[in-house]
Every structure is written in structure tokens, then in C-alpha cells.
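Student: From just these sequences and the hints, can you work out the full model?
Number of protein chains: 4
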Amino acid sequence: MADKQCNVALIGSKFMGKTHSNAYLKVGKFFDLPVDPVMHTLVARDPDATASFAKRWGWQHASTDWEKVVRDDDIQLVDVATPNNTHAPMAIAALEAGKHVACEKPLASTLDEARQMRDAAAKADGKTLTWFSYRGCPALALAQRMVAKGKLGRIYHVRANYLQGWAGPDVPLLWRFKGETAGSGAHGDLGAHIIDAARFVTGEEVTEVCGSVEETFIKEREIPEGEAGNIKGGTGSTGKKGPVTVDDTVAFLARLSGGGVATFEATRMATGNQNANRIEVNGEHGAIRWDFENMNVLWYFNAADDPETAGWQRIMCTSADAHPYAHAWWPDAHVLGYEHGFINAAACFFQEIGGEKPEVPMPDFNDAYQTQRVLEAALLAARNRAWVNLNEVK
Amino acid sequence: MADKQCNVALIGSKFMGKTHSNAYLKVGKFFDLPVDPVMHTLVARDPDATASFAKRWGWQHASTDWEKVVRDDDIQLVDVATPNNTHAPMAIAALEAGKHVACEKPLASTLDEARQMRDAAAKADGKTLTWFSYRGCPALALAQRMVAKGKLGRIYHVRANYLQGWAGPDVPLLWRFKGETAGSGAHGDLGAHIIDAARFVTGEEVTEVCGSVEETFIKEREIPEGEAGNIKGGTGSTGKKGPVTVDDTVAFLARLSGGGVATFEATRMATGNQNANRIEVNGEHGAIRWDFENMNVLWYFNAADDPETAGWQRIMCTSADAHPYAHAWWPDAHVLGYEHGFINAAACFFQEIGGEKPEVPMPDFNDAYQTQRVLEAALLAARNRAWVNLNEVK
Amino acid sequence: MADKQCNVALIGSKFMGKTHSNAYLKVGKFFDLPVDPVMHTLVARDPDATASFAKRWGWQHASTDWEKVVRDDDIQLVDVATPNNTHAPMAIAALEAGKHVACEKPLASTLDEARQMRDAAAKADGKTLTWFSYRGCPALALAQRMVAKGKLGRIYHVRANYLQGWAGPDVPLLWRFKGETAGSGAHGDLGAHIIDAARFVTGEEVTEVCGSVEETFIKEREIPEGEAGNIKGGTGSTGKKGPVTVDDTVAFLARLSGGGVATFEATRMATGNQNANRIEVNGEHGAIRWDFENMNVLWYFNAADDPETAGWQRIMCTSADAHPYAHAWWPDAHVLGYEHGFINAAACFFQEIGGEKPEVPMPDFNDAYQTQRVLEAALLAARNRAWVNLNEVK
Amino acid sequence: MADKQCNVALIGSKFMGKTHSNAYLKVGKFFDLPVDPVMHTLVARDPDATASFAKRWGWQHASTDWEKVVRDDDIQLVDVATPNNTHAPMAIAALEAGKHVACEKPLASTLDEARQMRDAAAKADGKTLTWFSYRGCPALALAQRMVAKGKLGRIYHVRANYLQGWAGPDVPLLWRFKGETAGSGAHGDLGAHIIDAARFVTGEEVTEVCGSVEETFIKEREIPEGEAGNIKGGTGSTGKKGPVTVDDTVAFLARLSGGGVATFEATRMATGNQNANRIEVNGEHGAIRWDFENMNVLWYFNAADDPETAGWQRIMCTSADAHPYAHAWWPDAHVLGYEHGFINAAACFFQEIGGEKPEVPMPDFNDAYQTQRVLEAALLAARNRAWVNLNEVK
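Protein chains in written order, with the numbering used here: chain Z, 1 to 394; chain R, 1 to 394; chain L, 1 to 394; chain A, 1 to 394.
Incorrect hints may have been included.
When chains are identical, the list treats them as one kind, so a pair holds in a single copy or across two.
[Claimed, not checked] List of simulated lysine to aspartate or glutamate pairs, DMTMM-like, C-alpha gap at most 25 Å:
hint, residue 1, residue 2
1, 14, 321
2, 241, 46
3, 55, 36
4, 29, 170
5, 29, 46
6, 357, 308
These are calculated hints, taken from the structure and not from any lab test.
Tutor: Take a look at the structure:
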């Protein structure tokens with residue numbers, strides 16, 4: 001356990017409120033950190049639900065007043081896990097109050113807001129983290145490390161898909177299908193992850209979007225009774241339909257700064273896939289493949305192998321001595337799950353806060369802003385039916 | 001065995017000469033056809049090599065004069081398995097001589113030639129076949145059958161990749177890297193297959209290309225001594241370099257006639273992949289996935305399954321009673337290989353020639369011309385950096 | 001959160017001390033239980049290490065005196081996570097003191113002790129749990145549920161392997177290789193799990209062992225300096241060798257009460273495997289397959305499926321509405337890891353303690369005693385080179 | 001093509017008659033052999049069917065008199081592809097007539113006959129081959145080559161299963177279920193293959209059978225109308241039942257000459273499996289895995305790999321330069337099928353006949369006799385409920 005502690009205020013108590021609470025609960029027990037988190041204050045809108053959530057998860061305090069909490073002297077770290085359109089005001093206020101700030105992805109609901117957050121972070125003393133939690137998966141972090149070591153050499157191809165299939169025509173008009181509540185559809189929700197993953201693993205930037213398709217396959221859905229809280233949605237039926245105002249899918253092509261070609265596709269309509277966050281990278285000296293649905297495994301091809309035995313290698317990324325994060329966990333092949341991505345990412349952030357170099361690079365607000373630029377460029381390309389040079393997207 | 005026979009003249013004795021000879025050798029032994037092929041005449045350029053090849057494979061005659069052979073009254077079927085830029089004159093001459101004509105893919109090296117072939121076929125009495133031999137794989141044929149029956153419903157997504165990885169920077173300047181000999185790079189060689197597969201399986205047409213990237217990663221290669229006959233190339237080294245004049249990869253996005261979105265990628269630079277001809281189709285009621293590297297297996301997801309047990313099903317497509325072509329072969333899971341795609345496709349063509357409905361639809365010249373239009377549209381989009389409506393490509 | 005609470009005393013602070021602490025930490029946060037655990041007292045041998053572990057994990061008290069703690073009126077549940085040869089005295093004392101008792105597997109280091117524990121449990125008021133934690137994996141629990149529903153029908157075959165490969169000849173003489181400290185080798189450590197899994201999933205008992213091989217491949221190993229605390233072992237070398245006094249592997253054949261045939265194999269010498277806890281069950285109406293290394297997936301074959309599409313189905317066992325435990329966790333395919341087996345098993349035990357029917361049946365001491373009988377029968381068969389009828393093993 | 005030729009007489013025209021005919025048809029076209037086969041005479045029982053089969057497949061002559069044909073001076077090679085109980089007289093007669101002799105597996109229906117065949121071969125001048133055709137699969141042959149090179153080191157474990165699932169209770173009483181026609185059930189049919197595979201790959205012998213179970217799950221089946229010719233069986237129903245007189249499964253444990261432990265299981269009742277001929281071998285330095293259902297792939301684990309990237313490697317065994325048989329076939333990952341096992345095995349036999357060392361070792365009658373001894377030992381162990389030392393089985 002660390003000598004130093006860091007009081008955390010978490011804003012948000014839905015799906016991400018739960019994953020983050022769990023991360024704070026566990027990270028100091030498994031990792032030897034320079035600073036351990038203290039679960040100080042939970043902030044959400046409904047007083048009773050907030051108090052109840054805080055009690056269950058062991059938050060010491062509960063509040064409904066985020067503006068007060070982000071300025072509270074007792075707080076060192078503010079974690080924003082609210083809808084995308086609230087990220088900017090909360091995060092910027094916290095930065096201006098001198099806090100470290102963590103924020104859910106995508107960084108913001110517009111590129112303007114993302115740029116403001118990036119600028120606020122640049123001026124502030126606090127550290128920033130954007131929760132691209134898949135960087136906390138050992139297999140993806142290993143891919144990054146291998147590329148950084150030169151094991152793939154020059155990158156020719158990136159194929160990054162995030163395929164979900166839950167949004168069939170019978171799913172009602174949840175908040176996730178409405179622009180005003182969700183900010184974005186599959187593109188912002190899923191596409192942001194794979195753009196980050198491609199940038200993270202390759203260490204390269206998208207320089208040009210060379211084609212893009214945005215599509216809403218189901219243009220109207222049935223309006224559910226009440227508000228739907230979960231991904232699968234509503235309880236009753238109103239018999240009325242309303243328009244879907246976000247995308248079901250965005251797919252786009254890109255060129256990378258190292259000369260490679262990348263394809264990206266994010267969708268909720270890939271029937272049969274549940275959480276297939278997949279990336280393949282082919283380089284001069286080797287290749288890697290990953291699919292979150294089998295998250296502990298990284299596939300690797302070494303082009304220099306003896307042809308007799310060369311082939312895709314299934315690396316079970318759980319070796320304490322050899323793989324990112326694995327030292328903190330269980331013996332070989334005693335595998336990790338979804339939640340560990342958050343815990344591992346949190347460990348890196350507390351390493352940074354404590355003045356150490358994080359064992360895996362995590363995205364600060366500037367880094368997440370670069371991802372947001374690509375999201376924007378892909379939309380511009382789709383809507384203008386034109387190539388978009390990233391230099392023009394700022 | 002059939003009462004009727006059909007004398008075949010095959011032009012070409014390289015890789016495809018071998019796959020086609022093998023198909024004629026075997027198809028009548030495994031299938032009960034209305035017409036059996038007779039291996040009548042082999043045509044190639046070098047007299048000695050042609051005679052030797054003919055003897056080995058059991059061709060009754062050998063010739064170096066294709067123009068004579070395609071008009072020979074003893075011949076009923078002419079099979080063109082030569083470089084792409086010779087397809088048009090040979091096939092058109094054979095059609096005009098009243099023959100049935102089979103031709104390797106892509107149909108031609110230019111859209112103009114392809115259109116001329118299509119027109120010649122429309123006027124002629126003979127049947128035509130384009131050797132998109134993967135339609136002869138039971139799994140892909142089953143996918144087509146399932147879509148045709150409505151098992152997938154409305155198609156949302158097609159993801160079609162043909163990934164090979166043999167063309168690293170050390171591979172010399174083979175004929176396959178030169179426009180004048182190869183006609184096209186990965187796009188014509190591999191891309192043609194996945195465009196055909198997407199059209200075949202979905203029964204839909206590409207209506208628009210919404211972005212495309214064409215890239216030659218290795219712009220110069222070492223000139224080998226002598227001419228390289230095989231895919232891996234040269235024997236000696238000249239120490240000199242020459243320019244690569246075909247693409248290493250083309251990737252493009254498209255919209256389909258049923259409203260779906262498709263991504264296509266053909267490449268020789270996907271290190272680690274050898275012959276990963278892959279297609280995924282997601283529809284309203286289900287989905288399928290296929291990868292040629294495990295060619296006997298079709299993956300299927302049925303969205304109507306009980307959630308308790310729903311999941312991707314691994315269909316081993318070898319059931320004589322239930323799967324295309326399987327009746328002609330071995331017991332369950334006594335699997336087929338690459339060559340059987342050609343044999344099965346040949347069976348369908350002889351069914352057609354004999355007046356029967358083929359058990360799986362095969363692409364005639366008009367059908368292959370539609371695929372050629374998509375190839376062309378993808379190139380135009382890449383070169384003009386603009387979307388291309390298929391109506392404008394004729 | 002529950003109204004009622006249950007004070008827990010955990011004895012043991014090594015690998016299993018960690019997995020159990022983590023389970024108590026989390027189970028009440030994810031599950032809605034009739035009784036929530038309170039992390040009351042940690043017991044271990046070394047005072048400083050015990051205090052430190054307790055502080056890190058949030059145990060309210062630390063003690064080195066298990067005999068006192070198991071009789072402490074403040075404690076309702078005693079959890080025994082110590083070496084096998086200490087299970088019996090601790091568990092029996094706790095039962096006699098009226099506590100609920102959880103105990104690590106195998107139940108004991110001898111059949112005699114296991115029988116005494118079973119008898120003590122039969123007389124006591126407390127509930128008992130044996131930590132066959134893989135019953136807490138949703139996929140294995142789903143297999144059990146499907147068999148119980150009759151989806152497999154009459155069972156013909158069980159194939160249960162637990163393959164690890166860490167014990168190559170260079171691994172020194174760790175405590176795990178010595179009978180006096182480990183009690184048993186692969187058989188007791190890994191074999192116990194697969195016997196439990198086979199009994200759990202099929203609901204059948206082993207009636208006869210029809211052959212068995214026990215082998216220690218590496219008969220001597222280098223004695224390490226100091227005592228090795230972890231699975232991989234020692235720090236320095238003494239240059240001396242000592243005898244290995246436990247098995248590296250036991251494999252055996254068995255008949256099941258429903259007439260089926262089972263093969264079991266547990267080993268630490270299956271190079272290439274890390275934690276391949278695998279089971280396959282073939283029945284009249286269907287079959288299942290599972291491998292812990294991809295723990296969230298259950299493979300299912302339904303013999304009644306349409307032959308056109310029949311095939312092994314990959315069930316991702318994460319559907320809140322359809323799969324065991326999944327309601328407590330994340331959205332579809334946001335997968336679980338090794339530790340969740342313990343948390344889920346704990347949830348079932350607290351359901352029982354609170355008077356509810358557990359959502360998945362967990363093994364009490366009598367159930368674990370049946371598994372211990374099979375372990376014993378397999379050893380007898382190997383050592384006597386004879387078949388062993390289970391009626392003779394009591 | 002070879003200068004020399006070898007006239008072949010094939011006895012049998014059912015399933016194996018077809019696979020062997022196909023092998024003779026193709027082997028000389030793909031391989032450069034010292035001797036090419038000539039399809040001289042086909043022998044079977046029914047005159048019309050024999051003539052028809054011979055015509056279809058290109059056999060020059062047809063006969064119903066095997067005794068005459070095996071002594072015919074024009075014949076150099078006799079191939080026995082008839083029911084097991086006819087192997088001995090036919091093969092011995094042919095050997096005595098000075099022919100080369102190939103024979104289907106298992107070598108004979110009794111150990112006595114097998115020994116007589118072995119002895120006859122020892123005295124004769126002709127070469128012998130037993131059609132353990134899976135040695136003709138490149139992946140299995142690569143496994144053998146790798147073990148022979150020492151890549152696995154000392155062998156600890158062999159796990160060999162041959163799982164089929166076609167024999168559910170509704171399948172009628174086919175000839176395969178009757179001892180008098182089939183000679184043996186799963187054990188002789190499938191078990192023979194995996195015993196051969198284990199011996200072939202490891203180069204070791206079974207020294208002891210340490211337990212064995214023989215079981216006929218379905219003891220009576222409905223008697224079909226007429227005789228059933230294929231694996232799936234009958235056409236009509238008689239409403240009567242008759243006894244099954246062969247095993248549905250045999251599973252046994254064994255010790256190997258190098259000190260390893262092996263498990264074997266052959267069955268027709270492993271629902272969900274169609275032709276899962278699987279072998280896993282774990283050694284000190286590495287491990288291999290193979291499953292015929294994905295026959296072109298060998299999985300390999302190299303224990304000396306860097307832990308960062310170590311993992312099971314998927315070797316696609318199609319590299320002309322590096323893998324057995326691949327030089328004769330297609331480019332990388334243009335995969336082979338079931339039939340190629342026979343063609344490749346035939347190539348090796350003609351290499352031997354022509355005085356060359358075969359590229360992969362094939363089993364002569366003595367080799368197949370060793371496999372037959374293991375088959376016998378496993379039966380003795382099951383029936384006597386006792387360990388069996390192989391020295392006692394001669």
C-alpha cells in the first residue's frame with residue numbers, strides 16, 4: 001500500500017460509474033502504487049440514488065452538486081463519467097480548480113469542446129486521463145509494446161472494427177438513438193475506441209480520410225414508455241415511433257503517417273457480434289491481431305520465423321514476467337475480464353499522479369483530442385462525400 | 001457416367017492450366033453429369049512444354065495455335081486460362097465459332113474488353129463461365145443459398161477481405177508486379193474474387209463506391225535474372241531495381257442495392273495471411289462468416305435462436321444431404337481442398353451445358369462484367385479522390 | 001445491499017487468501033444478496049504479514065490464533081484457505097462452534113479426514129461450501145443447467161482434462177513437489193477440479209475406475225534456497241537435488257452412473273498449456289465443450305438442429321437474461337475473468353446462508369467428499385493396477 | 001512423368017475403392033515419381049458394378065476373380081481394399097506371387113492373421129504398405145518430422161482421440177454394427193488410426209495398457225430392409241431389432257517406451273464430432289496439436305520461445321519449401337483435403353517401390369502389426385479388467 005493517498009470525486013453513477021467505482025475499489029489492492037485512491041465523494045443527480053450507490057460502493061460522501069465538489073479542497077482527482085455533452089464544463093472547471101482530471105471517452109461531444117478541454121489541460125497543473133480503457137487490456141498493451149520495439153517494422157495495414165449487433169429493428173428508441181442525449185451513435189461510442197487503439201498500437205497518426213460512409217439503417221423506432229436506463233432498453237410500448245438521430249454505423253478509410261492504409265468500421269448492426277472490438281496490424285516484420293471477445297489473447301505473426309514452423313502465435317497475455325499488468329494479477333492463464341481494463345488504466349494514472357512513468361502510456365486530453373479530430377474528419381468525409389486532410393481539422 | 005460428352009480445349013498450362021486440367025480429370029468421376037468432359041486439346045506457347053504437359057495430364061492433343069483450335073469443329077468448349085490481356089480475343093473468337101467458353105477471372109484486363117466479351121456472349125449460342133472458383137466452395141455456396149432463402153433478411157453489412165502477405169520488400173520484380181504482364185495487382189487478382197463473392201452471396205449489386213485507396217507500398221523491386229514462373233519468384237539477382245507498376249492493395253467502401261454498407265480490401269502485404277479470402281455478412285435475421293483458410297466451415301448466427309444457446313454456429317459443410325456439392329464427395333467432415341472449388345464449378349457448368357439447372361449459380365460473362373464494373377469504379381474513386389456512382393461506369 | 005450481514009473470518013493469506021478476500025470485497029456490490037459479508041478477521045501465521053495483508057484488503061481484524069477465532073462469537077462464517085492437511089481440524093472446530101464453513105479444495109488431504117469433515121457437517125447447523133470455484137464460471141454453470149434440463153439426454157462420454165505445463169525439469173523443488181507440504185500433486189490440485197466438474201455438469205456419479213496411471217516424470221529436482229512462495233518458485237540455487245514426492249500426472253478411466261464412459265487427466269507437464277481446464281460431454285441429444293482458457297464461451301451442439309445449419313455453437317455466456325450470474329455483471333460480451341468464479345460461488349453461498357436457493361448448486365462437504373472418493377479410487381487403481389468399484393471406497 | 005510404370009490391381013470398389021482409385025489417378029500427375037502407377041485391373045464381386053466402376057475410373061480391366069488377378073504376371077502391385085476379414089488371404093497370396101502389396105487398415109481382423117501377414121511380408125520380395133492414410137496429411141507428417149528432429153524432446157504425454165458422432169440410437173443395424181461383417185467397431189476402425197498416429201509421430205511404442213473400457217451403448221438397433229451400403233445406412237424399416245455385436249467405443253490408457261503416458265479414445269458416439277481425429281503431444285521442449293477437421297493446420301508450442309511472445313503457433317502446412325508433400329501441390333494456404341492423404345501416401349509408396357527413400361515414412365506390414373498388437377492389448381485389458389504388458393501380446 002502507498003504512503004500517499006488521493007481523494008477522488010466521481011461524477012456519474014450509471015454503467016461507467018460502476019466500472020470506475022470498481023477500479024478505485026481494487027486498484028490499490030492489486031498494484032503497488034505511489035499513490036492510492038480514496039473513494040471520497042460520489043456525485044450524481046438524484047439524491048436518494050446517489051446516496052444508495054455511494055453506500056453500496058463505499059464512497060465516503062455523496063453529493064448532487066458537481067460544481068461545488070470539483071472545487072472542494074479535499075479532492076485531488078475529479079473523474080467525469082457523465083454524458084458526453086457535459087464533459088467539457090465539468091472537466092474544465094476541475095482543471096481550473098487545480099485537480100487531476102479523468103474523463104470518459106469520447107473526450108467531448110464536439111471538436112470545439114474537445115479543443116477547449118485540451119487547451120485547459122495544457123494550462124493546468126493537474127494530470128489528465130481519458131478512459132480509453134482498452135489500453136488497460138494486457139493484450140492490446142502488449143501489441144503497443146511490440147510495435148514500439150520494432151517487432152512489426154514499417155506498418156502497411158491497420159484493420160480496426162468495433163462490431164456490436166444489439167440494435168435490431170425491434171429495439172425501441174432508447175436514449176442511445178437520440179442525438180440530444182447520446183451526442184453520437186456507433187461512431188462516437190465505438191469508433192472512438194478503435195481510432196484510439198489504432199493510434200495507440202501503431203504510434204502513428206491518421207493523415208487523411210479517403211472515404212467514409214455514415215448510415216442509419218433503422219430510421220424510426222418505437223418510443224418506449226418512460227426512459228430506458230440500459231443498453232437493451234425500454235419496458236413498455238407507446239405504439240408511437242420517433243426518428244433515430246444518430247448513426248448506426250460509420251466506416252471509413254484512412255492513410256497513416258507512416259504510409260500505411262487503415263480501414264475503420266464501427267457499428268451496432270453487425271448481427272452476431274456482441275463486443276467484437278478487433279484490430280489487425282500488418283507490418284514488414286510481423287503482424288498482430290486482437291479481438292476483445294477473447295481479450296486475454298494476442299495473436300502474433302513473426303515474419304522472420306523459420307518457415308517450417310512460422311504461423312500465428314496465440315499469446316496468452318498473463319505472464320507476470322513478460323506481459324503488461326500481469327504482475328499485479330493471477331498465475332498464467334488465470335484470465336482477466338472486461339473490468340480489469342479500467343483497473344489497469346487507473347493504475348497507470350496513479351503511477352503518473354505519483355510521479356512515476358506509467359507502465360503503459362495512457363491518453364491525456366491532448367491525445368484524446370487527436371482521436372476526436374479523426375472522428376470529426378470521418379464525419380466530414382461522409383457528409384461532404386470528399387477526402388479530408390487531417391491538417392484541415394483542428 | 002454421362003451418355004454425352006463434350007470435347008474441351010484448354011488454353012494455358014501454368015497454375016490455372018493445372019487447376020483446370022485437374023477439374024476436367026475428376027469432375028465426371030465424382031459427379032453424375034448430363035455431359036462429361038473429354039480432355040481433347042491443350043494449347044500453350046512452347047511446343048515441348050505443351051506436349052509434355054498434355055501427356056502428363058492426359059490431354060489427347062497438344063497445340064500452339066489457339067486461333068485454329070478455337071475454331072476446330074471437334075471442340076465444343078474452349079477454356080481460356082491465359083494472362084488477362086489475352087482473354088478478350090480468345091474468348092470472343094471462340095464464342096463467334098459457336099463454342100461454349102470458360103474464362104479465368106478477372107474477365108478482362110480492361111472494362112472495355114470485358115464489355116466486348118459480354119456483348120459477344122449475348123449474341124452467341126454458347127454458354128459462358130467465368131472461373132470465380134470460390135463459388136465452388138461448399139461453404140460459400142451454402143452462404144448464398146441461405147441468403148437466398150431469406151435466412152439473413154435485410155443485409156446491413158458486408159465485410160470482404162482478401163488478404164495475402166507474400167509480397168514483402170525482398171520479393172523481386174516478378175511478372176506479377178508489372179502492369180504489362182499482370183494487368184493488375186492485388187485489385188484484379190484478389191479484389192475481383194471478393195467483389196464476386198459479395199455479389200454472389202448477397203444477390204445485391206454495388207451501387208456506389210464511397211471512398212477508395214490504391215497503394216503500392218514497395219515502389220521498386222530488384223530485377224531477377226531470367227523470368228520468374230511462380231508466385232515466389234526469381235532465381236538469381238541482377239543487382240538492379242525496377243519500378244512496380246501495379247497496386248499492392250486496394251481498399252474501398254461501397255453501398256449496396258439493398259441499402260447495406262460494404263467494405264472491401266485486397267492486398268498482398270497483409271503479413272501473416274496467406275490466402276485469407278474472408279467474407280462476413282450481417283443481416284436483420286442472421287449473419288454468416290467465412291474464411292477460405294478453413295474453407296469447409298461456414299459460421300452462422302441465427303438471431304432468432306433462444307438467447308440461452310444462441311451463438312455463432314460452425315457448420316462443417318460436408319453433409320451429403322444438406323450442403324451444396326457434398327453429395328459428390330466423401331462422408332461428413334472428410335474435408336475438401338482448394339482444387340475442389342474448380343471441380344465443383346466445372347460440374348455446374350457441365351450441368352448448364354447439358355441443359356440442367358446448375359446446383360449452384362455460376363457467373364457467366366455478363367455477371368463477371370458487373371464485377372469488372374465495380375473493379376473499375378474502385379480505381380476511379382481512388383484516382384479521382386471522389387465517390388463514384390456505378391451508373392456512370394459502363 | 002442486504003439488511004443482514006455475516007461476519008467472516010478467513011484463514012489463509014496466500015494465493016487463495018487473495019482470491020477469497022477479493023470475493024468478499026466485491027460480492028455484495030454486484031449481487032443483491034439476502035446477507036452481505038463483512039470482512040471481519042483475517043487469520044494467518046506471521047503477525048506482521050497478517051496485519052499488512054489485513055490492512056491492504058480491508059479486514060477489520062488480524063489474528064494468528066485460528067483456534068480462538070473459529071470460536072469467536074462475533075464470527076458467523078469461517079473460511080479455510082490453508083494447506084490441505086490443515087483443513088480438517090480447522091473446519092471441524094468451526095462446525096462444532098456453530099459456524100458456517102467454507103473450505104478450499106480438495107476437501108482434505110486424506111479420505112479419512114474428508115469423511116470426518118462430511119460427518120461433522122452432517123451433525124452441525126452451519127452451511128458448508130467447498131471452493132470448487134469453476135462452478136462459478138457462467139459457462140460451466142450453463143452446461144450444468146442445460147444437462148439438467150435434458151438438452152443432452154443420455155450421457156455417453158465425458159472427457160475432462162486439466163492441463164498445465166509449468167513443471168518442466170528446470171523448475172526447482174518447490175513446496176508443491178513435496179508430499180508433506182502439498183499433500184498431493186496434480187491429482188489433488190487439478191484432478192479434484194475436473195472430477196467435481198464432471199459430477200456437477202452431468203449430475204452423475206463415478207461408479208467404477210477402470211484403469212489409472214500415476215506418474216512423476218521428474219523424479220528429482222534442484223533444492224532452491226529458502227522457501228519458494230509462488231508457483232514458479234525459488235530464488236537461488238543450492239546445487240543439491242531432492243526427491244519429488246507427489247505425482248506430476250494422474251490419468252484415469254471411469255464408468256458413470258448413467259452408463260457413460262469418462263476419461264480424466266490432470267497434469268503439470270502438458271507443455272504449452274497453462275490453465276486448460278477442459279470438459280467435453282457428448283449425449284444423445286447434444287453435446288457441450290468448455291475450456292477455461294476461453295472461460296466465457298460454452299460450445300454447444302444440438303443434435304436436433306436442421307442438418308443444413310447444425311454445428312457447434314459458440315455461446316458467449318454473458319447474457320443477463322439467459323445465463324447464470326450474468327445479471328450481476330456487465331453488458332453482453334463484456335467478459336468475466338478468473339476471479340469472478342470465486343465471487344459468483346460466494347454469491348451462491350450467501351444466498352444459501354440467507355435462506356435462498358442458490359442460483360447455481362454449490363458443493364457442500366458431503367458433495368466434496370464424493371469427489372474425494374473418486375480421487376482416492378483413482379490412486380488405488382493406479383497403485384494396485386486394478387479396477388476399483390466405488391462402492392469399496394468409503 | 002516416370003520412365004517406369006507399375007501395373008496396379010485394386011480389389012474393392014466401395015468407399016476405399018474410390019479413395020484409392022482417385023489416388024492412382026492423380027499421384028503421377030502431381031508428384032515426380034520413379035515409378036508411375038497404371039490403373040490396370042479392378043477386382044470386385046458384382047460383375048456389372050465392377051465393370052461400371054472400372055469404366056468410370058479408367059481401370060483398363062475388370063475382374064471378379066481376385067485369386068487369378070493377384071497371380072497375374074502383368075500385375076506388379078496388388079491393393080487390398082476389402083473388408084478386414086479378407087485382408088490376410090488376399091495379401092498373403094499376392095505376396096507369395098511376388099507382388100508389392102498395399103492393404104487397407106487395420107491390417108487384419110485378428111492378431112493371428114496380422115502376424116501371418118507380417119511373416120509373409122518378411123519372406124517376400126515385394127514392398128508392403130498399410131493405408132494409414134493420415135500419415136499422408138502434411139500436418140501429421142510435419143509433426144513426425146519435428147519430433148524426429150528433437151523439437152519436442154522427451155515425450156511426457158500423448159492424447160489421441162478419434163471422435164465421430166454418427167451412431168445415435170436411430171441409426172439402424174448397418175453392417176458396421178455387426179461383428180461378422182465389420183470385424184470390429186470404433187476400435188478397429190478409428191482406434192487403429194490413432195494408435196498408428198501416436199506411434200508414427202512419437203517414434204515410440206506402447207509398452208503397457210493400464211486400463212481400458214469397451215462399451216456398446218446401443219445394444220440393439222432396428223434391422224433395416226436390404227443391406228445398407230453407406231455409413232448412414234438403411235433405406236427402409238423392418239420393425240425388428242437385432243443385437244449390435246461390435247463396440248461403440250474403446251478408451252484406454254498406456255505407457256510409452258520413452259516413459260510417457262498416453263490416453264486413447266475412439267468412438268462413434270461423440271455427438272457433435274464428425275471426423276475429429278485429434279492428437280496432442282507434450283514434450284520437454286515443445287508440444288504439437290492436430291485435429292483432422294482442420295487438417296492443414298498443425299499447432300506447435302516452442303517452450304524455448306521468448307515468454308513475451310510464446311504461444312501455440314498455427315502452422316499452415318502448405319509451404320512448398322518447408323512442409324511435407326507441399327511441393328507437389330498448390331501455393332501457400334491453397335489447402336488440401338481428405339483425399340490428399342491417400343495420394344500423398346501413395347506417392348511415398350511409389351518412391352519406395354522405385355528404390356527411393358520415401359519423403360515420409362509409411363507403415364509396412366510389420367509396422368501395422370505393431371499397431372494391431374496394441375489394438376489387441378486394449379481389448380484384452382478391457383475384457384480381463386487388468387493391465388496388459390505388450391510383451392505378452394504377440
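Student: Run every hint past the structure and note whether it holds.
Tutor: Cross-check of the supplied hints:
{"no.": "1", "hint": "14 - 321", "in the structure": "between (36 Å within a copy, 19 Å between copies)"}
{"no.": "2", "hint": "241 - 46", "in the structure": "neither (29 Å within a copy, 67 Å between copies)"}
{"no.": "3", "hint": "55 - 36", "in the structure": "both (20 Å within a copy, 13 Å between copies)"}
{"no.": "4", "hint": "29 - 170", "in the structure": "neither (43 Å within a copy, 32 Å between copies)"}
{"no.": "5", "hint": "29 - 46", "in the structure": "between (30 Å within a copy, 19 Å between copies)"}
{"no.": "6", "hint": "357 - 308", "in the structure": "between (41 Å within a copy, 21 Å between copies)"}
Going through the hint list in order, the structure does not satisfy hints 2 and 4.
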